[in-house]
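**Student:** My request is simple: use the sequences and hints to build the entire structure.
Line by line, the protein sequences are chains A and B.
Read in my numbering, the first sequence has 164 at position 164, and its numbers run on one by one without any break.
Read in my numbering, the second sequence has 65 at position 65, and its numbers run on one by one without any break.
Calculated directly from the structure, the hints in this document are not laboratory data.
All residues carry an ideal CB built from backbone N, CA and C; glycine is no exception.
Each hint should be verified, as a subset may be incorrect.
Under the rule of at most 30 Å between Cα atoms (straight-line distance), these lysine-lysine pairs were calculated in the DSS-like manner [as the list claims (entries may be wrong)]:
hint	chain 1	residue 1	chain 2	residue 2
1	B	Lys135	A	Lys306
2	B	Lys81	A	Lys262
3	B	Lys140	A	Lys105
4	A	Lys262	A	Lys302
5	A	Lys262	B	Lys44
6	A	Lys322	B	Lys135
7	A	Lys161	B	Lys44
Between beta-carbon pairs, the in silico distance windows are [unchecked claim]:
hint	chain 1	residue 1	chain 2	residue 2	range
8	A	Phe340	B	Glu37	34 to 44 Å
9	A	Pro252	B	Ala109	23 to 33 Å
10	A	Gly218	B	Val139	11 to 21 Å
11	A	Ala273	B	Val139	48 to 58 Å
12	A	Thr182	B	Val139	54 to 64 Å
13	A	Ala348	B	Ala109	17 to 27 Å
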Amino acid sequence: MNRLLVSALALAFGAVSASAQSLDDLNIQIHGYATQGFLYTTQNNILTTSSSSGSPAWTEAVLNVGAEPIPKLRVGVQGRYFLLGNYGNTITLDWAAGDYKVNDKFGVRFGKVKTPSGLFNDIQDIDPSYIWSLLPQSIYPISSRNSILAHYGGVVYGTLKLGQTMGKLEYRGFGGERSIGTDDGYFLAQREAGIVLPNGLNRAIYGAALHWKTPLRGLMVGASTIQNNATAPEATKGTLVGVYSVHSFNQPNYFVQYERGKFMVAGEYGKTAPMVFTIFPGIPPIWRPLDNREWYGMATYKLTGKLTAGLYDSQYFSKAVKLGPARYQKDWALAGRYDFNQYLYAKAEQHWVDGTSIGYDVDLNPNGLKPTTKLTILKIGVSF
Amino acid sequence: MKKVLFALLLVASASIFVVQAKAQVIVIANPSVKTSEVSKNDLKDVFTGVSTALPGGGSVVPILMKAGTVHEEFLQAYIGKNDTAYRAGWRSLVFSGQASMPKSVDGDAAVVEFVAHNSGAIGYVGKGTPHEGVKVLAVK
Numbered sequence: 001m002n003r004l005l006v007s008a009l010a011l012a013f014g015a016v017s018a019s020a021q022s023l024d025d026l027n028i029q030i031h032g033y034a035t036q037g038f039l040y041t042t043q044n045n046i047l048t049t050s051s052s053s054g055s056p057a058w059t060e061a062v063l064n065v066g067a068e069p070i071p072k073l074r075v076g077v078q079g080r081y082f083l084l085g086n087y088g089n090t091i092t093l094d095w096a097a098g099d100y101k102v103n104d105k106f107g108v109r110f111g112k113v114k115t116p117s118g119l120f121n122d123i124q125d126i127d128p129s130y131i132w133s134l135l136p137q138s139i140y141p142i143s144s145r146n147s148i149l150a151h152y153g154g155v156v157y158g159t160l161k162l163g164q165t166m167g168k169l170e171y172r173g174f175g176g177e178r179s180i181g182t183d184d185g186y187f188l189a190q191r192e193a194g195i196v197l198p199n200g201l202n203r204a205i206y207g208a209a210l211h212w213k214t215p216l217r218g219l220m221v222g223a224s225t226i227q228n229n230a231t232a233p234e235a236t237k238g239t240l241v242g243v244y245s246v247h248s249f250n251q252p253n254y255f256v257q258y259e260r261g262k263f264m265v266a267g268e269y270g271k272t273a274p275m276v277f278t279i280f281p282g283i284p285p286i287w288r289p290l291d292n293r294e295w296y297g298m299a300t301y302k303l304t305g306k307l308t309a310g311l312y313d314s315q316y317f318s319k320a321v322k323l324g325p326a327r328y329q330k331d332w333a334l335a336g337r338y339d340f341n342q343y344l345y346a347k348a349e350q351h352w353v354d355g356t357s358i359g360y361d362v363d364l365n366p367n368g369l370k371p372t373t374k375l376t377i378l379k380i381g382v383s384f
Numbered sequence: 001m002k003k004v005l006f007a008l009l010l011v012a013s014a015s016i017f018v019v020q021a022k023a024q025v026i027v028i029a030n031p032s033v034k035t036s037e038v039s040k041n042d043l044k045d046v047f048t049g050v051s052t053a054l055p056g057g058g059s060v061v062p063i064l065m066k067a068g069t070v071h072e073e074f075l076q077a078y079i080g081k082n083d084t085a086y087r088a089g090w091r092s093l094v095f096s097g098q099a100s101m102p103k104s105v106d107g108d109a110a111v112v113e114f115v116a117h118n119s120g121a122i123g124y125v126g127k128g129t130p131h132e133g134v135k136v137l138a139v140k
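**Tutor:** What follows is the structure, given as structure tokens:
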């Protein structure tokens, strides 16, 4: 209820500000994009699709409406239809926010806002923005993407010039409530074990991100952190009713990006180690071990005005899991993107996946998982 | 051999044309913009959504051309991207709720018209375009 109130207030603030002006003065803009993907794997079924038979079950459509009712104030809302295998197939609110930018040094965004953590979190769902079909899954897992993209609350942001010799520092501070829906991919393992969180998981978060644009032209070095407060929502297992207890934990990320002309190289490292217990009366607590290290390195090069190629190596290790393919994922990806014009583009991507710790479910792989898989992705998108 | 020489001549001619073409774009601003010069980096920041002000010039609002040679030349010379990559960058900001897309208009005359009548507006036009009511910013 509080979440709806925050978003409603953000939009109402904009609407009241706008009421005395004509539509032309409001600078109303409507944008959108839609993508259709196709997945094929040589072995396991991935991302809850029947990919080993070839699956077109990856569709997204986004509509964005924004306006500037008064100088320095923007309001906007963005909705999304998302389908990936058994994930989604619903329309959700990406964000709905007001943004008041006092000047380049200080601005505030409030409502349901994108969480500006890591190198790509706030744009990880914006397919037209980058060459990849799948961002490195070690840090940006698409199965639980909708839950970590945004939070209800606010962001303060700005850019500080550090002088001629020190570059610029972009800062973001944020806080509020993050909500993970009961059907989210985050809970896939629990659901398959018969454990359901009927109300999902809501918890307070706060954090900060710094992007230092160094004096070396094109080089940015940054770090972010998210503090996740403890929570214990209701959980059910058959007729049992208990709690899903998550202790407070911190998620740090460190990243670097260098862009020069047609060339871009980037890397990121993150760590996630929450303590999670599922507690039902009459049985010992079920401990879900999580102690993850994740990182990637990537490079892209613009071959022509319309064709871009890229390569990344993404690695994920769950230190709390016993030795074997389920403990890790190592994913080499080779990607190409062709822009037919400013509206229409196509992508092709080949992955060599070693390890089974990310992206697989038991139901669609009833005969067990093979340790390695090749994944081919084709995608077409249109944006305006 | 003659064919090779002819090809080299063509490439050389094209290079000269490109160098000359870059000089054919001028940056204009509404007279309310307090500065008369702008650095290439500050210009890039304004036209990529990083900044909404110029040092010593106050708040500015960029305006784009929808397409055309002048538009492409401006992007290549001052932003370092082609139109597709440039608009992809703006879409990242728009779809993540961080900015609104700058207004785009058709042709030089429309840019001059907009810049002349909107406080803080900054745009670019071909060098030979009549530009009454606006000031030309020197790009350092």
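**Student:** Take the hints in turn and mark each one as holding or not.
**Tutor:** Comparing the hints with the structure gives:
no., hint, in the structure
1, B:Lys135 <-> A:Lys306, "violated (35 Å)"
2, B:Lys81 <-> A:Lys262, "holds (8 Å)"
3, B:Lys140 <-> A:Lys105, "holds (24 Å)"
4, A:Lys262 <-> A:Lys302, "holds (5 Å)"
5, A:Lys262 <-> B:Lys44, "holds (16 Å)"
6, A:Lys322 <-> B:Lys135, "violated (69 Å)"
7, A:Lys161 <-> B:Lys44, "holds (15 Å)"
8, A:Phe340 <-> B:Glu37: 34 to 44 Å, "holds (39 Å)"
9, A:Pro252 <-> B:Ala109: 23 to 33 Å, "violated (53 Å)"
10, A:Gly218 <-> B:Val139: 11 to 21 Å, "holds (20 Å)"
11, A:Ala273 <-> B:Val139: 48 to 58 Å, "holds (50 Å)"
12, A:Thr182 <-> B:Val139: 54 to 64 Å, "holds (55 Å)"
13, A:Ala348 <-> B:Ala109: 17 to 27 Å, "violated (42 Å)"
The structure does not agree with the numbered hints 1, 6, 9, 13 stated previously, though it agrees with the rest.
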